[in-house]
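Enquirer: We have chain X; now place chain S onto it with these hints.
Top line first, the protein sequences correspond to chains X and S. First residue of the first sequence: 1, per the working numbering; consecutive thereafter. First residue of the second sequence: 1001, per the working numbering; consecutive thereafter.
These aren't lab readings, by the way, just hints derived from the structure by calculation. Just so you know, these numbers come straight off a predicted model, no measurement behind them. Quick reminder that beta carbons are idealized off the backbone N, C-alpha and C, glycines included. Incorrect hints may have been included.
To be verified - Derived coverage of chain S by chain X (criterion: at least 3 residues anywhere in the stretch with Cβ under 8 Å from a Cβ of chain X; other residues may be distant):
(1) 1030 to 1037
(2) 1244 to 1253
Stated by the list, open to error - Partner residues are not named here, just some residues of chain X that face chain S (Cβ under 10 Å, in silico):
(3) A48
(4) G56
(5) N81
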Amino acid sequence: MRYILIFTLLLISFLGQAQDKYFTKSGFISFFSHSPMEDITAVNKQVAAFLDIETGEITFAALIKSFTFEKALMQEHFNENYMESDNYPKATFKGKILDYDKAALLSGQPYKVKVEGKLLIRGIEKDLTTDVELIKEGNFIKGETLFIAKPSDFDIKIPALVKDNIAKEIEVTVKTKFEPY
Amino acid sequence: MRTLYIYLLTIIVFTPFALAQDADALLDEMMSEQSDITSATFKASRVILGHSIEQAKKGEMEFRISHRFGQLNGGGYELWGLDQAWIHFSLEYSPIDRLTFGLGRSNYQKTFDGYAKYAILQQQSGRRTIPISLSVVGSAEYKTIKNDIPDFNNSHRLAYVAQALVARKFNDNLSLQLSPTFVHRNYVESSEMANDVYAVGFGGRYKLSKRISLNAEFFWVNDLTGPEGVTNQYPLSLGFDLETGGHVFQIMLTNSLPMREAAFLTETRGKWSDGGIHLGFNISRMFSLHN
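With the rest of the complex left out, here is chain X (with noise of 0.2 Å):
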């Protein structure tokens, strides 16, 4: 009797966190400066993702220092000079699916949503709302999405000098694949 005490407890102490969230460590963000001098791209692909299927909460974090460049000294501009990664280590996202619908996403079809929460860059806190497709594929959950950043919204100066090399808009591009926690 007490041992099906114990293994019942056991058992909702971790279903009760488990089954309802997804989880990645492998998420991907990218984004893409156009300018007329020349274009940047950076890629993360260690990001920290949650999605919680049955709030519809969805969180990210990404390490600014795991953006890489195609160029070693634009990354160092970029760690050194305009996110000052050493002083912000990190980039969050907090949000929540609008009008969240379980059945929908568990469908199996494409689920189209919108996301609305806070971006926090460099200390600053932005709302941020997106359109976000969803689709579970098994035993997974793919996210994608497309989202515009600026970075005087972040106090991110960028000199005179290479004002025409840094974009005023960046394009941030967020896939992730979700699996169960």
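Expert: Then chain S, alone, in the frame of chain X:
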């Protein structure tokens, strides 16, 4: 029942810690499994005169131009040194991240030089912690200037340098470096002068803003004996690093005219105390050779 309570307690206490509940905590967990290599200990591959632990990354080529004007105490006739100019330029290439080769030429004694620099340790924190960066540099300098010294042959034109660079970035602004150095000259002008000279470099930078740093560099040298009647000086340099997009400008005041190790450690003649100071600058431009 007692066992049950222990079980329950265990579950209650440990479950929240075992599973990260949001992406932020999960990222922390992922990061604790990795090492974070310290970057940008210095802005340039030279502290001022001497090598820093920085080097071009894989597939990058650095083109450097260094200038030194004449001595400030040259007076109005020499426009305080600005009438004279010495130049050094070099191409430096990294076939892999930790290894750089450089070839250079200076009009000072018409010298060719070559070096190799290898990063043995990289300062890092996280899963693996290394408190310092350690690089080694080997170089050779070949003076092609003509002379009429009897029995002078080509091997006399060569000098060699072996150097270790030990650096630490203490925080965002402050980095310090220690550079034990050995110089061997195949030829010296007088019998009092030693062929082998030991030196220790002390260098550092302090960032004044994101793109400007104040740098200082001093070399202690064990033997300052120069050719007849001349005493060498300890090289002392003060300067600023100014970073623009793809360039780093280094502007300095230094009592050294030569721009490579074997020469500036054994042929520095300017005295700070009586204005034997050169205004100078280094310009560095990085090119990416791969895609």
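Enquirer: Mind listing which of the numbered hints don't hold for this structure, in increasing order?
Expert: 4
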